[in-house]
Structures are given as C-alpha cells and as structure tokens.
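Number of protein chains: 4
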Amino acid sequence: METVIIKGQSKLKINSPVFIAGLPGIGNVGKIAVDYLIEKLEAKKIADLYSSHLPPQVMITESSRARLVRNELYFKRLRKKDYLFFTGDFQGLTSQGQYDISFSILDYISKFNPNLIITLGGYQIGKLVEVPRVLGAYTSDDARKKLESLGVVFSKNEPGGGIIGGAGLLLGLGYEIFNVEGVCLMGETSGYFSDPKSAKQVVSVLAKFLNLDIDIKDLEDKAKEIDELTNKMMELPASEEKKEDLGYFG
Amino acid sequence: METVIIKGQSKLKINSPVFIAGLPGIGNVGKIAVDYLIEKLEAKKIADLYSSHLPPQVMITESSRARLVRNELYFKRLRKKDYLFFTGDFQGLTSQGQYDISFSILDYISKFNPNLIITLGGYQIGKLVEVPRVLGAYTSDDARKKLESLGVVFSKNEPGGGIIGGAGLLLGLGYEIFNVEGVCLMGETSGYFSDPKSAKQVVSVLAKFLNLDIDIKDLEDKAKEIDELTNKMMELPASEEKKEDLGYFG
Amino acid sequence: METVIIKGQSKLKINSPVFIAGLPGIGNVGKIAVDYLIEKLEAKKIADLYSSHLPPQVMITESSRARLVRNELYFKRLRKKDYLFFTGDFQGLTSQGQYDISFSILDYISKFNPNLIITLGGYQIGKLVEVPRVLGAYTSDDARKKLESLGVVFSKNEPGGGIIGGAGLLLGLGYEIFNVEGVCLMGETSGYFSDPKSAKQVVSVLAKFLNLDIDIKDLEDKAKEIDELTNKMMELPASEEKKEDLGYFG
Amino acid sequence: METVIIKGQSKLKINSPVFIAGLPGIGNVGKIAVDYLIEKLEAKKIADLYSSHLPPQVMITESSRARLVRNELYFKRLRKKDYLFFTGDFQGLTSQGQYDISFSILDYISKFNPNLIITLGGYQIGKLVEVPRVLGAYTSDDARKKLESLGVVFSKNEPGGGIIGGAGLLLGLGYEIFNVEGVCLMGETSGYFSDPKSAKQVVSVLAKFLNLDIDIKDLEDKAKEIDELTNKMMELPASEEKKEDLGYFG
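Residue numbers (numbering that gives the first Met the number 0), protein chains in the order written: chain A, 0 to 249; chain B, 0 to 249; chain C, 0 to 249; chain D, 0 to 249.
Hints listed in this document are in silico derivations from the structure and should not be mistaken for laboratory results.
Misleading hints may appear alongside valid ones.
Because identical chains cannot be distinguished in the list, a pair is counted as satisfied if it fits within a single copy or across any two copies.
Claimed, not checked - Mimicking DSS-like on lysine-lysine, the simulated pairs with C-alpha atoms at most 30 Å apart in a straight line are: (1) K75 x K6; (2) K110 x K10; (3) K155 x K44; (4) K110 x K6; (5) K12 x K145; (6) K155 x K39; (7) K43 x K145; (8) K79 x K207; (9) K75 x K145; (10) K155 x K216; (11) K221 x K39; (12) K144 x K6.
Quick caveat: nothing in here was measured; it's all calculated off a predicted structure.
Modelling step: build the complete structure from the supplied sequences, incorporating the hints.
Shown next, in the form of structure tokens:
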C-alpha cells in the first residue's frame, strides 16, 4: 500500500489557511490544545490520514465500534479567515514515518495555498511550575515579532536540542520544501502526565496571536483538577523532596 | 521484489463472498478456527501470498520438502453463498508489514466484491476460564446486532487497548479503504498456549451467524485434551495458587 | 538508490545452468564450500551485486585498496554443462533485505533458464562430530532421490525449524516465484567456528551429485588443522566435560 | 516523500570537480576538516540535502530560528580547479539510509563529471597520541602514490574492519557505481571527543595533496586548547594510569 493514504472531501474552497497542528507528544500539550480548538470552534473534519507508519491497530470507540488509527484534518472559517487543524491518535512510529506523514499532509494542504504553519507541542522541564511559559521557534520573522510581544520566549538555548517529531518536521519541511513560513509554540510541562495547564497557556497565546475568540474555561477547569491532584500528592509525608522533581509521577 | 506477491488462480467466478481471516496470534485462536473451517468445509486453495514482510525462511514439511512461508486464501461455495478463508504461517514481522499484507489481500479480493469481513482472533485474559466468552468489535451495525443476539459481547472496555495486528487491520482497512463492513470475533483465552477451546467457541458462534453446518466435534476433543492437561497440572502440589494465573505455563 | 544493483557482463551465453549458492552463515559452511568450488574449478566472475541491504561499508583488501561489500556471481562451463556460483561478503541485514537480495539474483539469472538451484549451508548441532552428516531439504523430487542414494539425510525433523536466510529463500523463492526446482545441502557443524570439515562433506556429496572432478585435498588439510586444534583444547585439564558442548569455543 | 530531496541551484558551471566529504563521525574529524576548508576557502553553498533518513528534527539556531536537519554541498573554484565540499548535521540513521544518502549526492554531482572523491574521517585508536598519523584507503592508484609520499599510511591492517558509514560508502559507491576513483583519509583520534588536532593533520595532508594554500592556524589553536585541557586532566592525582586510555573522557 501507499505508506500514507489521505481520504479527503473534494471540491473544498479553502483560501490561504493557517495550518495548526498538534499531535500526541510531550505532556500531550499539542494534541490537547488542537483538540480543544477543534471542539470550541466547531471545526469540521475534511480528511482522514491513514498510514502504515501508524500502529497496526484499530481503536475501540465508546460504542465498541472499531476504527482504524488515523490522523485528522479539520477546517473552520472565521470572519473570512480559513483555518486548518491537524490532530491524530499517534505520530509515525519511525523517523522515516514521521517524515512521510508530515510531508504528506503538507503536500495535501499545499493546494489550499497555506500562509502560515503553527505547530503546537510541549517542552519538557521535568518539574511542576506555577505558570508554564510558552517557548517559540520560528521560520517566520513576522510571527516571531508578534508572538514575542505576547510573551512567547524565543531563545537559542531552549529547546537546546532542537524540536523532534511532527512539531519540528511540519515547521521544517513546511519552510524548506513547501515554502510556507511558520512558528512552533511549546508549552512548558513537567512531561510526566497529560498537561491541560500547559495546553491552556498555549491556547491563550494562540488565541491572542490569531485574534480568535475562544472560551478557555474548560481548559482552566481541567488544569485546576490536575493542580489539586498534584498538590495533594505534594502534601503526602516524605514527598517533600519530590516537589522539585516528579520523576516518575503519572 | 514487490513486498507482497500473490499467486492466484485466474478466471475464478466468486460473487460477493464473506471473507473470513484467522492468522497466528494470541492463543492462536484465529488460525485454529479458520484452519478448522477450511478443513471441515473442504475449501479449496485459490491463492498463495508471499511477502518480504514474512520471515526469510522455508518450512520443512512432513516429507522433508521445503516450502516458502506464506499466507493462503481458500474458497468454498455453500448453498449458492461464497466464502473466502485467509490463513497463514505468520503475520507480517513489522507494523508496516502488517499493513502491507492486510492491504494487499484486501486489494486482491476486492475484485470479487466482498460483502462482509470477519476476522477471528484471541483475547488474552491471562487465566483459564471454564467457558470462554466471545468478544466482538464491528464496523457493520447489522452484523453486530445479529452477533449480540448470539451471545457475543460488545463492550467499549474489552478489548480496551484496541485490536492489534491482522485481525484489527483487515477490519479497519477493509472499512476505511475498501468500503467493506465487518466484524471481529475474539475468543477469550489465557494466551499461554494454543487454545482450541477458545477457537471452538468462536467457530460455534460463527457457524450460527453464517448458518453453516459444521461438525464441531474435533475441536471439542482437542479442547478436552487441553482441559485434562491443565487440570492435571492444577492438581500438582503447591500449584494451588496458580489456578487463577498460569503466567508462564505452556 | 535501487535497493539492489547488479553489475554484470552482457552478452553471456549461458544455457540452463545449475545455480549453486553459499553465503556466510552457520559455521560459514556454505560460503567455504562455494568459494572452494569457485577456486578449484577456476570459475570466472560475471557479476557483482551491491545492495543497501548489505552493511554500509568498504572492506580493505591486502593492498589497502577499498572495495564496497558485495555478493558475487561466477560462471564455469564443464563438459558442456553450465554452472553459476553465488557467494558474498554478507547476507542481507534485515529480513526484507534477505528477500530482496535473493529475489534479485534469481531474477538476474532467470534469463539463463536455470534448471536447478542448489543452496549450501551449515546445520548447527552444538557439538563436534567425527564425520558430519549432510542433511537435505528439497523442492526437486529427482534431486532428492539421487542425493539420498549418496547418503544425504532427508528428515522432517532436521532442520526442525525450517531453513532461515539465503539458503532457504533462494530455494523457496526459486521454486514458488521462478519455477526452478532445487535442493539445499546442509553440513552438520558445531556452529562455533568457521568449519572446513563440514564444508568438505558438503563439497564431496555435491561433486558426486554433479559428477564433478574436484580435488578435495585442500579442504581436507584445513579440516585436519581444525581437528588438531580442537583435540588439543580437549586435552587441556578441566575441559573434559566440554567435549560434548563447546558452547563458546571459537 | 522521496527519501532524499536535494534542493540545489540550477545552471551551475562546474567542471570535473574534486569532491571532498566529511560528515559527523568518529572524533568528528571528517566534519571538522571539511567545515574548516569551507570556511577558510570561502566556499559557497550550492545545495541542501534533506532526507527522511536523517533525524525527524529541526535544529535551533543562534537566533532561535528553526531549520530542518540537512547535509550541505559547497562549491569553490581555485586557480581554475573546481572543488565540491560535502558536510552535514548527521549521517543517515540506518544502513539503508547511509546508502541512500551517499548514492543520492553522488548521483547529484555526477552531472559535473567529478574526477576524484576524497572522504575524510577519524580512525579510533582509543588513546591520545602526540602526532596523529593519517591513514589512507584508496580506489585510485595515482592518489595513493602521491599521498604515500606525503606520509599517509596505507596498510591492509588499519583499518582492519573496513570503513563504515559515509566515508566508506562515498568511496565505494563512487568507484563501483559512478566510476569515479577516490581516496579516504582518516586521522588517528582517541575517539573520545571532537578532535581538531586529528582534523589538523588531515587538513595539512590534504592541502599538500591538492596544492591548496590554507591557513591552518585556527585549527592549531583549537588543537592546543584541547591538548592543554587533556594535559591538565592527566595531572590530576590518581589519573596517572589513565594516560594510555581515556575510556570515558569527554
């Protein structure tokens, strides 16, 4: 089979969309953020991506229905501006699979003439923080300037080792191969559990950046739940020294 | 070489068959069940599938003859209804290999316009049970309803982690890429040995579902043999606590 | 690059050759045997096979010259009968690589209309034996009969687990995909070192089978050297119990 | 995606260049040497190579800009003689990836009709030496003679196990598939850290061989720094016995 198969609606009229991607990864920050945007903006699914680079597996849904693992592309038009959202069950299992999937979705959306790529992810810092920062990397100078003014931290040292996986590849391949500039937003996260608090920070910045009106309350509620849970664990005896490093928590 | 090569008979007239697949896997339930159906229904082999995703190996037959490892497709017409059976020595060695082989056989049979895919497998529960349940997952609502009435358990929690390998992929790719609905039947099994008892349950349900007249006696005999063997082991001193969990038995 | 590249002489007139293959493997029996045949029969190289499935490496020759790792095809005509010999530095690194290389060389020689495939290898028994047996597996009934009369052992239990790697695949793919019958000859070997004694047995049987006049003396000399070496080790104190099992010798 | 994508300038007039390659590897000798040549000769980049065989990653530059990992091709004309330089962030992650990338860049430059391939690398000896030797392997007899007269050591025993990775493959594939002769120069290195001292020796020999006027001072300075650092570590108490083997230093 083709290593990537995209089943999409035809005859879509999408103009110079902003492409926003968040796949499973560190603290699941990117996926939580994009799934939240899809839900709150009521974006509509326009394509499924299947790939032999994903696990050879069907998921079982609530109704015990089987469905093949996939990545998904959603679309939303807001005040005459078009947005595409890319999420999914998994990232590619291998290095080559990650390239292949990232390239394929970029190739697929290139017909819509995207004008900006925004990838979302987590930046693992190995400890809990009160207010996670949002770090950035960019290929678009304009986006960088505006995001910096919104508090996003651009630093040559963070992330020091580069950005691995879809959040990096969609940005890199987008720029080098498809000539679309972009930016990557990474929410600080302990990385030890699925982190809605970090995702909330990312969504907040993104909403300001794109001038989107998004109700952030549900994410705040989930973030509070996690905060309470981790605070309780902190109060347990003999866990004092763990406050700084939750190594194997979650 | 092509990663999958199918050597099949030409000029076959097969109409809207039910495609039934059982490959080696957990408790070998799927393969035992399909091999039993092939034998009892005297289905005729119509194609061999060779693949570089299978082990690089020849098997040695009873007569010391060498034969390349393979998957096999059998055909049977019963009361004007056509059936295809898919079995084999191995599943694909890698994730990509599993996709490739599943896709290829689905592509091959798509010319016959299949109307239902049934994949058979085992569901590992890690202990012995008196009467294994048959669990189901589905993409066909009709099949689900009928199977549920026959006692098959459909649950969002079982199997919780989805269905991995050919039993999942043939169902998932069949539905998403080839537009053929289907169902997966999984017999409960300890998973510690090749399990004819579980296969018997699966075959019984399947026979009722498809209205096939299949003598189940040989499977019952094999199931009894295994039961006697495991009962003897249970009676050995100091094995009392193992009755519930046969971890490394077999 | 193409995963396999064969650089061969053009305009060769080769008619229905016997194809004899021995690649590195257990006890190196197959490769020693085929290399010996090439040397003694003064066969001429007619093709090099390069592949991305081989290690990414150049070898350094006696004169410090670098040469890419490869497999090689040699040709010899003897009394109007044609022979091809296949040897090499390595087998494919992966399962898929083994299929690819075996398929490619069979595809390459198919234009010469080969009439028999003979693969040579070692059969690991984990101990030293005075006179190694030669075991066989076959897809050619005729070859089996003749080889049995020459003392080759054909058994459903040996090798029980099938034949893995090139010795198996060339036989299996040759028969199933290229319609060429064949036989595999495996010399018993401890498997703990490169085993000229086992190779000698294989070459002796093969020479009789093919009616070839081959001076076996050099292999006998090397076999004696190994025998003397292993005998000396046996006589060392405290090594008595190791006579039966040389586990990590060599 | 294509496994290798080369984005290069068109309409380049390059005539029979010498192709000089140094990729990350043992002691990083090859990459340090080629990067130094590119800098000192002010060579100009003419192509970027991207590949799904490289890590799925963007690097973060000094200005926090993201850029996709890559290999790079540079060009310089000096006294009417053309030179190509090949460097990069990484080598291919797999054996097949190494073949693919080496083949692709050779294929790309073959249109310029290269007349010599020079690959640079490190030769790990596991200890510090005062003056690292430069070892050679060759497919060009002429280059070997000249290099031997410049002190390069050609030996069948060093490197005994052949040359692995790009330094070997570019030489081997260049000769066997693209009919371009070449030579590999390997600087002796402990292999425990990035080794400018070894790279200096390689660059010195290469400059003489190619009759290039290259200021070696910066490399000498870096080499001295490393020397001073390792000397200091040698003088630490209890480190006396480590002088010969710096196993885990660096």
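Evaluation of the provided hints:
no., hint, result
1, K75 x K6, "within (18 Å within a copy, 34 Å between copies)"
2, K110 x K10, "both (11 Å within a copy, 28 Å between copies)"
3, K155 x K44, "between (36 Å within a copy, 23 Å between copies)"
4, K110 x K6, "both (15 Å within a copy, 21 Å between copies)"
5, K12 x K145, "within (28 Å within a copy, 42 Å between copies)"
6, K155 x K39, "between (34 Å within a copy, 26 Å between copies)"
7, K43 x K145, "within (28 Å within a copy, 33 Å between copies)"
8, K79 x K207, "within (17 Å within a copy, 57 Å between copies)"
9, K75 x K145, "within (23 Å within a copy, 40 Å between copies)"
10, K155 x K216, "between (33 Å within a copy, 29 Å between copies)"
11, K221 x K39, "within (15 Å within a copy, 56 Å between copies)"
12, K144 x K6, "between (37 Å within a copy, 28 Å between copies)"
Of the numbered hints given earlier, the model fails none.
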